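In order, the protein sequences belong to chains W and D. Residues in the first sequence are numbered from 1 upward in steps of one, following our numbering. Residues in the second sequence are numbered from 132 upward in steps of one, following our numbering.
Please note: incorrect hints may appear among the correct ones.
[To be verified] Lysine-lysine pairs mimicking DSSO-like chemistry, simulated, CA-CA at most 27 Å apart:
1) D/Lys225 x D/Lys247
2) W/Lys116 x D/Lys193
3) D/Lys225 x D/Lys159
4) D/Lys225 x W/Lys15
5) D/Lys193 x W/Lys62
These aren't lab readings, by the way, just hints derived from the structure by calculation. Fair warning: this is a prediction, and the values are worked out from it, not measured in the lab.
2 protein chains.
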Amino acid sequence: MNIGQAAAATGVSAKRIRYYEQIGLLGKSKRSASGYRVFDRDDLHTLSFIRRARRLGFSVPKISALLALWQDQGRSSADVKRLVETHLDELREKIGELQAMVDTLQHLADRCDGDKRPDCPILHDLERSES
Amino acid sequence: MNIGQAAAATGVSAKRIRYYEQIGLLGKSKRSASGYRVFDRDDLHTLSFIRRARRLGFSVPKISALLALWQDQGRSSADVKRLVETHLDELREKIGELQAMVDTLQHLADRCDGDKRPDCPILHDLERSES
DNA sequence: CCTACACCTTCCCATTATGGGAAGGTCAAG
DNA sequence: CTTGACCTTCCCATAATGGGAAGGTGTAGG
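Start from the sequences and build out the full structure, keeping to the hints where you can.
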């Protein structure tokens with residue numbers, strides 16, 4: 001299977017597959033006589049794993065750790081869970097930051113008339129002298 | 132006032148100030164005879180504005196728009212409000228994506244024993260053949 | 001007056017994960 | 001053998017910084 005077919009089969013673009021190989025997330029691909037990358041069912045399986053992990057917001061280094069655990073038959077589920085909970089903490093922290101922005105902005109927008117006049121509490125707040 | 136003092140006074144690092152000038156978010160700074168950037172009270176005011184906008188998650192292009200409105204005495208608050216509401220939509224969309232990740236991961240983590248055994252619904256899910 | 005030392009300047013590199021595109025080789029069908 | 005689809009590598013760009021080098025400036029103390 002060539003890279004284009006692997007990409008179509010897994011939803012991971014050819015560009016990304018080459019990138020993952022380059023940074024060492026994937027081992028070096030087998031190559032055909034002419035230098036084309038060749039993928040087998042196991043490779044597709046791994047690529048799909050990576051794609052799902054990306055969708056859940058894991059960074060490449062974290063996926064690397066997840067892959068290592070996945071392939072380690074002697075892993076403990078505690079290790080996997082710990083990794084995921086750390087990720088959950090980070091996601092929640094990010095959500096908290098974004099939510100705080102939303103709260104502030106919504107508060108300001110609620111007080112903005114949104115008409116033709118220039119007065120606007122939003123700009124007024126951004127302009128304030130404190131902080 | 133030199134760049135270091137302006138940075139200390141506004142909380143915007145010297146690096147960032149230079150960057151903002153370079154990309155045109157700030158006009159070209161006045162310079163001393165020896166080439167040092169010189170900042171006055173107005174500049175500090177603008178830098179503080181930018182810092183607050185950054186903290187509320189606005190991108191540089193959006194801040195550029197906000198600054199233009201801020202400095203336009205003939206603006207309408209409707210324009211400001213529209214910009215902010217677009218931003219709010221984007222923030223909320225991002226939060227939604229992150230929250231969906233959290234929901235999925237929490238669900239999986241809840242089902243993971245987190246002990247010494249290798250069985251783990253998290254890896255099992257990432258590995259699944261569908262999707 | 002000269003020497004430190006702190007601060008300034010510009011320039012280049014790195015970050016994260018990906019897309020775009022060029023130049024050139026390969027393969028299968030007609 | 002040509003065409004077109006596909007592959008290869010390589011370089012560039014993204015957003016918004018931080019790090020650090022090489023070299024000029026400004027000031028304070030000896």
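Inset, instruction - Starting from the hint list further up, note which numbers the structure goes against and sort them upward. - result: Of the numbered hints, 1, 3 and 5 do not hold.
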